[in-house]
Amino acid sequence: MKEIAELHCQVERHRQSAVWQKIFPNCSEIGIKKKKMGLRNLFSASSKFVKHAQRGIFLTTVIYTEDKVLCTVDDLLPTLLVDENTSNISADDMNWLLKLSLCWDQVAYLQDTVGGTWSNNSQLRVKILDAVASMHNALGVKDIGRIHHVPLCHSSGTVFLVSVHFVSENQAVQGLAMRWMRISKLMRKKSSSPSFDFLSKEIVNVLNFFESAQIPLERGLYLGYMRLQSGLNTIKVTVPDNLPSVLPFVSVRPNPHVSREEWEWLRIVEKDSSTRPNSAQYTFHMQMSRALNTLLHDLELDNDLIQSHRLYRFQVLQLHSDVSFILVLPKAEEVCLVNAGLSTTVDESVEHCKGCTSIPIPVFDMINLSTYQPDFIATYCRLSIFLEHFTMLINYEKRQCLLEDDRRVYAEQLDRLTDFQQRLDEVWRNARWISNIASIARDKQSDCGISLSRILMPPMTSPLNDDCADVGYHSDQ
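Take 1 as the starting number for the sequence shown in the working numbering and just add one per residue.
For the record, the hints were derived by calculation from the structure and aren't laboratory data. Computed from a prediction, not measured in an experiment: that's the story for all the values here. Be aware that a few hints might be false.
Now the in silico label distances, taken between C-beta atoms and shown as ranges [to be verified]:
no.: 1; residue 1: S321; residue 2: D443; range: 27 to 33 Å
no.: 2; residue 1: M1; residue 2: S435; range: 16 to 22 Å
no.: 3; residue 1: S122; residue 2: K185; range: 38 to 44 Å
no.: 4; residue 1: A91; residue 2: D405; range: 39 to 45 Å
Below, a list of computed lysine-lysine pairs in the DSSO-like style, where the Cα atoms sit at most 27 Å apart [said to hold, decoys possible]:
no.: 5; residue 1: K142; residue 2: K127
no.: 6; residue 1: K201; residue 2: K189
no.: 7; residue 1: K331; residue 2: K444
no.: 8; residue 1: K185; residue 2: K51
For each residue, glycine too, the CB sits at the ideal point set by N, CA and C.
Work out the full structure, taking the sequences as your base and the hints as a guide.
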């Protein structure tokens, strides 16, 4: 967190520099003008809500309480058209939107600096920014929530990009021509648009994912099972159906910290099973053995394959100061399963673990860090959106320059942003622990694992008595 906080401070100082302010003046006057036009925007934006969604990409916002959801006067979820000319959104654009949903307050600033600089293949992002700004105005809120990790696609060619935001009963939503409806009633209600009926039925799944993705584990040490699946265009990671922010897991104990002597025991037992553990090491070994048996049973893994599984020995993974993981890995060839079928999804593969699903690794990174390192991921998203946007913008301006002095100024700014981006990429690579560990685990030459058979068997000898007091023997004391 320290590295990205320092980088954020440096980027902010650069934004306030004289040269930057000359090229991109602050939008304070524009912001004041927009505030004065706020009421008119509220009316005009509300009138743009879609009643019949046909082919195209749409933005839908789900603002809900414990049992109610905010709807338009037509009893539909507030939905705005993004682009009627396409029904496709790339993985890159979806990942960009996921990041944008953690810094909605930047939308107006990004809009004000767009101009005509976006390439044809980036026009969708401009339209998304416009739709988001209209949704802000229509609902009277800046935070329209997190973007659901996958678009909802109807057979008619309608694609819904759904944002989700939970509010308490007493939080005011200022949108005009809006009203609250019970979620159960919305699901039952039929509309004149099949795509909206489809959307209403999907809402429960969206809300379940949204809520479960934010649930942190209780304080403790856990065993986690890591397995990836490679499809045609993406690599996915296996996660629990009801807790997608972590790997399939089982609790080892409430204390998340592993002492040096406990960790050393895992290394010793791999080489010499006749060594006697001390009492702390013996207790740790038995805790690990019980947890492993539970995890393997819960996932219903093939007994014939268990012997080839490994315990990752390079690191105790600390998701949070109160939550730590020790990872269980398949053999190198099976860390990332390849789905050869072109007509099926990875989720339909026979290698699926019981009670699990799979999500793309970039989505997992976002959810995992949002749950356990929210300040880090919010800062990262803000920096990433800013640097990508202005790198493209300055590149465009540099190409348009007629004067050498202007070209040199833009080149200097581009060099500065490139340096910021490289440093941000390095921070991000270090934060994406699942990709880093998977690369090591897939390397057949890497000695990164301890055979599970060593842990599943209890120590061959009784523990050394640290304080020389055998309570069992001296039962008369």
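The hints, checked one at a time:
no. : hint                    : verdict
1   : S321 / D443: 27 to 33 Å : holds, 30 Å
2   : M1 / S435: 16 to 22 Å   : holds, 19 Å
3   : S122 / K185: 38 to 44 Å : holds, 40 Å
4   : A91 / D405: 39 to 45 Å  : holds, 40 Å
5   : K142 / K127             : holds, 17 Å
6   : K201 / K189             : holds, 10 Å
7   : K331 / K444             : holds, 9 Å
8   : K185 / K51              : holds, 18 Å
Taken one by one, the earlier hints all hold for this structure without exception.
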